[in-house]
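Peer 1: Chains as they are written, first to last, in our numbering: chain A, 1 to 418; chain B, 1 to 418; chain C, 1 to 418; chain D, 1 to 418.
Keep in mind that the hints were calculated from the coordinates and are not lab data. The model shown is predicted, which means the values in this text are computed figures rather than measured ones. It is possible that part of the hints are untrue.
Okay, derived cross-link-like pairs now, DSBU-like style, lysine-lysine, Cα gap no bigger than 35 Å in a straight line [unchecked claim]: (1) A/K119 <-> B/K175; (2) B/K351 <-> B/K119; (3) D/K289 <-> A/K12; (4) C/K13 <-> C/K144; (5) B/K351 <-> A/K175; (6) A/K175 <-> B/K175; (7) C/K144 <-> A/K351.
In silico negatives: residues of chain C with every beta carbon more than 10 Å from chain D [claimed, not checked]: (8) V4; (9) E18; (10) S34; (11) D128; (12) I235; (13) Q329; (14) R340; (15) T389; (16) I391.
The C-beta atom is built at its ideal place from N, Cα and C for all residues, glycine as well.
Below are the chains, spelled out letter by letter.
4 protein chains.
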Amino acid sequence: MPEVIFPLDSSKKFEDQEKVGHNRWHPEIPPVASVKQGVSVRIDCREWFDGAIVNDDSAEDILNAPLLTVHKLSGPFAIEGAQPGDLLVVDILDVGPIPQEDSGPLAGQGWGYTGIFAKTNGGGFLTDQFPDAYKAIWDFTGQKATSRHVPNVSFNGIIHPGLMGTAPSAELLAKWNRREGDLIATDPDRVPPLALPPEPQYALLGGVSDSDFDRVAAEAARTAPPRENGGNQDIKNLTKGSRVFYPVFVDGANFSLGDLHFSQGDGEITFCGAIEMGGFIDLRFEVIKGGMDTYGVSENAIFMPGTTDPQFSEWLAFSGTSVTLDGKQHYLDSHLSYQRACLHAIDYLTKFGYSPEQAYLLLGAAPIEGRLSGVVDIPNSCSTVYLPTSIFDFDVRPSASGPFQIDPGIGAPRASAG
Amino acid sequence: MPEVIFPLDSSKKFEDQEKVGHNRWHPEIPPVASVKQGVSVRIDCREWFDGAIVNDDSAEDILNAPLLTVHKLSGPFAIEGAQPGDLLVVDILDVGPIPQEDSGPLAGQGWGYTGIFAKTNGGGFLTDQFPDAYKAIWDFTGQKATSRHVPNVSFNGIIHPGLMGTAPSAELLAKWNRREGDLIATDPDRVPPLALPPEPQYALLGGVSDSDFDRVAAEAARTAPPRENGGNQDIKNLTKGSRVFYPVFVDGANFSLGDLHFSQGDGEITFCGAIEMGGFIDLRFEVIKGGMDTYGVSENAIFMPGTTDPQFSEWLAFSGTSVTLDGKQHYLDSHLSYQRACLHAIDYLTKFGYSPEQAYLLLGAAPIEGRLSGVVDIPNSCSTVYLPTSIFDFDVRPSASGPFQIDPGIGAPRASAG
Amino acid sequence: MPEVIFPLDSSKKFEDQEKVGHNRWHPEIPPVASVKQGVSVRIDCREWFDGAIVNDDSAEDILNAPLLTVHKLSGPFAIEGAQPGDLLVVDILDVGPIPQEDSGPLAGQGWGYTGIFAKTNGGGFLTDQFPDAYKAIWDFTGQKATSRHVPNVSFNGIIHPGLMGTAPSAELLAKWNRREGDLIATDPDRVPPLALPPEPQYALLGGVSDSDFDRVAAEAARTAPPRENGGNQDIKNLTKGSRVFYPVFVDGANFSLGDLHFSQGDGEITFCGAIEMGGFIDLRFEVIKGGMDTYGVSENAIFMPGTTDPQFSEWLAFSGTSVTLDGKQHYLDSHLSYQRACLHAIDYLTKFGYSPEQAYLLLGAAPIEGRLSGVVDIPNSCSTVYLPTSIFDFDVRPSASGPFQIDPGIGAPRASAG
Amino acid sequence: MPEVIFPLDSSKKFEDQEKVGHNRWHPEIPPVASVKQGVSVRIDCREWFDGAIVNDDSAEDILNAPLLTVHKLSGPFAIEGAQPGDLLVVDILDVGPIPQEDSGPLAGQGWGYTGIFAKTNGGGFLTDQFPDAYKAIWDFTGQKATSRHVPNVSFNGIIHPGLMGTAPSAELLAKWNRREGDLIATDPDRVPPLALPPEPQYALLGGVSDSDFDRVAAEAARTAPPRENGGNQDIKNLTKGSRVFYPVFVDGANFSLGDLHFSQGDGEITFCGAIEMGGFIDLRFEVIKGGMDTYGVSENAIFMPGTTDPQFSEWLAFSGTSVTLDGKQHYLDSHLSYQRACLHAIDYLTKFGYSPEQAYLLLGAAPIEGRLSGVVDIPNSCSTVYLPTSIFDFDVRPSASGPFQIDPGIGAPRASAG
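The whole structure should be built from the sequences, with the hints applied where relevant.
Peer 2: Structure below.
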């Protein structure tokens, strides 16, 4: 096993560990460890809410999830020799849930969760159609996930980190705050908000000194969106065997990561759409000197996905166009067309006995694929969502004999008030 | 070979054939043939510009492409027993280029083309960055495509029809015209336009009688966008072996199709991004009675893709977020984030010696995959574009040794004026 | 379409064509055409019995199949620049059944056949268990094969030539005749025979002159076995997109080919186990000068299979060891262990309602995979045979509910006397 | 984590553990644990030589490997409700190397080994060509294996148990001893031997009582070969996600397993061809009552392989026929034709700078595929071996430019005397 450079004790809170991570982006957060190129290291990761979401049949925890506290990031790690302008090469050697325990209280200890977030607390891709909070607990058996809240499906996990990235420079951070502030200013009271400004409350800043804390907390960027440094890209294909190339903006790159997922569908559509969990990841770093300019990668990661993802040979796919549910034509809006494709898939699955929320939770968590199929055929873009048919334990294909009827069981728990 | 129910003579124009197709959607276009369920039939298809684009080293034909004349559709075909409310099941048994000839003047006769359309004549996904007209000719060798205009790449075709669909009802047609007219009215002089209104000029309406022609031509919908009936979905995965389910809106379904592609990348990003060609397609139809309601499929096709597409095990992927090139933050705009991902891929490829236009043409034509990776992480969506590395005859991966330099050859022809 | 350098008229016998092929290997058979390197060419191929097997519900034709007349080979083709010691690179650009006709009398015209050969006329892999002649007709619909004689299965063809090879030198031919003669001499009256000696009767020798004919016919090798020159390898993975490297033994390489299959299982176990048909193949040749020595390929083809074969994600596999049916232990005999694995698969399929012969025919024709799983665990080798479950239209997996029962239909026709 | 029903302490010998396994097959070896159907359990497994092979640069340990002591099997486990005539369904939920340690002395602790066994001590598939003992150590980095003894290759492990099986009944055991004894009697002094008779020396029989020990040890079957009960099948595809169906011969089935491999090529051709290691496996059991008769599975396992094996899209394949190296023609001998295919692959790889032994070790350990391509074309069978090209860090394909030359490094260690 590689050396553990960021250990986590499952019985303690994230801020009470031997090494303390962070939940904001800022260039002044000091590295917790220095790593040589070419050496394999293991890093433990905490699930993004640090235990606030529990393994039960209620969604009150989702309704009240503490969004100001996320994401719990392991790091930063300084990579020896990395300098601004370089490309940081990150090999994901292995990644998995918390080992060695069975039924502990922490997501990753044999289980994980997916949530539909309330419109008043985060929202989601289809929040207009699904404004209330729901939860699904998934149990892990080997590499398979199943759920008492979403019956008749099981699928292999495609375990990956939702969030990995390098630290921004001061200039880059300022740019983020400026452009996101400009967006928020166009509709500052919107629910859910257009973007998330710096927020000192609940800021966790690793080894930032007391004297600097308040200033840094007031500047540091929230971790929700993906940005030039990678960040919360939620790319489900960054499974083990992947190689990712990040731009470097500060000396040492100061790489951080977290938000492990046991599985996720393309888009992570329920907001907390993946199967969230804590776990470990084994990484190895290299540096391509001057690679940002040499390869024209000044922002956003490029990557080569792993080759051991589950293989599916049969898919059922749904398409959507950029017309709203109430019939308004939008111009080449692929976000909308993917919403419509997902809604079509949900409508379809309800014909088999699933509640709409069960279907929505399933699309967030299962290894579905979302494609930008047509983006130029004015005025309609065409997006498609692909469901692997073998994750269902019944025949989910259309036929003359009509849909099989499942027993929806106890259903997905719903919170008391949206 | 199945019976040819819509033959085309490659030496004659599309409107001079034994059976004449159409280039607009209207419920009153009468079927050219009636087809029994369960019977295999062959249908010839003409390339979408009916020979206006030629195999040469100039892009003047792309600049002046007659957009009012498209698409050349074979059909409509009435399927016996199909009625409104049914689902029409379409099996793509086989599809390929025009057989039996070598180097004829018609796309599909051993070659095809991809165009970047000028901003003044159609535009494209990246028209702000690429306002001028360019062309690439692709030669077919067996199942492989190569181009003198885009060197050092070759790939297997994933042949598919860009456009298939059922006829709209009068009500559905009226709905299309209303909502698209509303959109156009918001900026009627935009270049390129927001949408395409009915256009009698160059309308081809199959067997519509002279007395009805002018009225029908004034109502009939243009074929550019995908809509409730399927239509120009440009889904590259509808290759042979696919099964597609279409809603039926009129008696007989009145199914039409055309716009065959030898290959296409997800999105068909250069507007005429696929490798356009004429050819043949073998289909078989069935009907699921009442299937629209039974399965909740009231609009847009659902489908099961074929299982014999080329297999790639290694990809190089690029990500983008919803920030414009000049730094403005947009809110969860997946169309924009896919544009940025594609621009990142183009920037990268130019480091190997390709011109930006060669890279753009390649992304339109090769079997790239476009994914909606993250759609909820406010304010940035994250889209990704995947390039199979094995289509390049050099090592396209980043490495410490820097990019290999290709010889870009004669380059992609550019039209005289944008 | 590439130039047709070996055309066949489906209405005429193989020996009455414009260009006449051959059915024996001999260095003195002169080339029918000369081909430049790098140029695509099309070659028509006749099914191996030249029309003796017909599309009906009788197996008398299989019982009496004229084994002395096979294989009908197109060629030889001289490749410009090829010399002994070179490697001949053959790219299979495309391959398919006879185009342009529907229900003609020749296999390849929309149908093909599989035969269990009688022990008295050829035999087969399991001839002790299946001594009598049976036949199955397969119908082609697009890329799919189905059979009225083997119901409830359908599968995509993996079309390939069963036989391709270069001409032997005189020395190599002499070596073949010597070693095969030695084997025959150990049991000259065996039924079926151990090997097939040169046989002047029915020898077809292309352009060999009358004065040389008798001598050449007495020396020329039969085409049944694969040998140093490639030959009848029956490798089902030589589908389109494959690249094959053959040793060159004579000037020009004198490449010949034939015995097209619409599909075949690994091993072609019923002797005529593939789905036999006539068709066309598009090839392109190159030469690696001195490649035999440079790469150590002095005999037997090496190859890179194509990448567009059907994709299966679920298989049901059977294993066997080198113990005979009556309990005798053999020493590490992988041929026997594969026989036992196939017999286990046949036993299993009969539990679903298939006759043993239907199951045997299916294993010969469908894209099953045969693996040498363990070859060192004395005294038992372990071979395995993999069946893709999705070729069955019922659930073929073992379960507590027991096997589904098919209607075996009219069954596979059996010849009157074994 | 599932309950560990068979724990192993890496610091102790296999026979000194809390629960003691066995290394022979006998119906009277009592179960070490009873397992309920449907419950996930974890079982630790020791590498087959229990630490006799060490991580160094010498092959003396391979030369002197204690073959009488193998295999170290975990079990037997009694499955509640299983009775003779049933099928035991075994789901492999997960399998991996020894967790939680880095560089310990036991194979599985971050490394594994492959050996070419000396002809005088075990032999191997190509023992006539490779009579001496060699060793390669493989290091595990995440899911990848690399070796200082076989440079320029790396590949994902396809971790699997080489040996799983149910206990034989007394009748079945007697049958084994009879038929294998009959074989040995045909050449009792052969080196290597034809088969392995019961051998009391070093017999480890779990909980067999002292009073029964000598009798049982004299009867118990060696574990080398696969047999009716499954056993040492060495099927590399029994990776996680696999479901295996075993015939049940005794009450409780008495299932045992061991011999974990980090990777293996089809055939495990070097005898100890896999990458041997200790580790863990998570299993779940079910029973199909009366399944042996219902499904016709009276012997040898049937199975459904997992779906997360590494995906390769490009292979280089070698073929062989049943002619010996010195030119003697054998009759349809697939064992011989696979030997010849493997020798061709070895010859080829030496042209790139590998020693023959390095190439042989590589073929044993890497995920190569061995196919029975043609088994009926008298007198030659045709076997093929497929190498995934992407496991090499250079271009291993034939080309006009000739083979790349690797640095073979320190080479594979060779033992002092054969």
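Peer 1: Just pull the numbers of the violated hints for me, sorted ascending.
Peer 2: Hint check: 3, 6, 12, 13, 14 and 15 fail, others pass.
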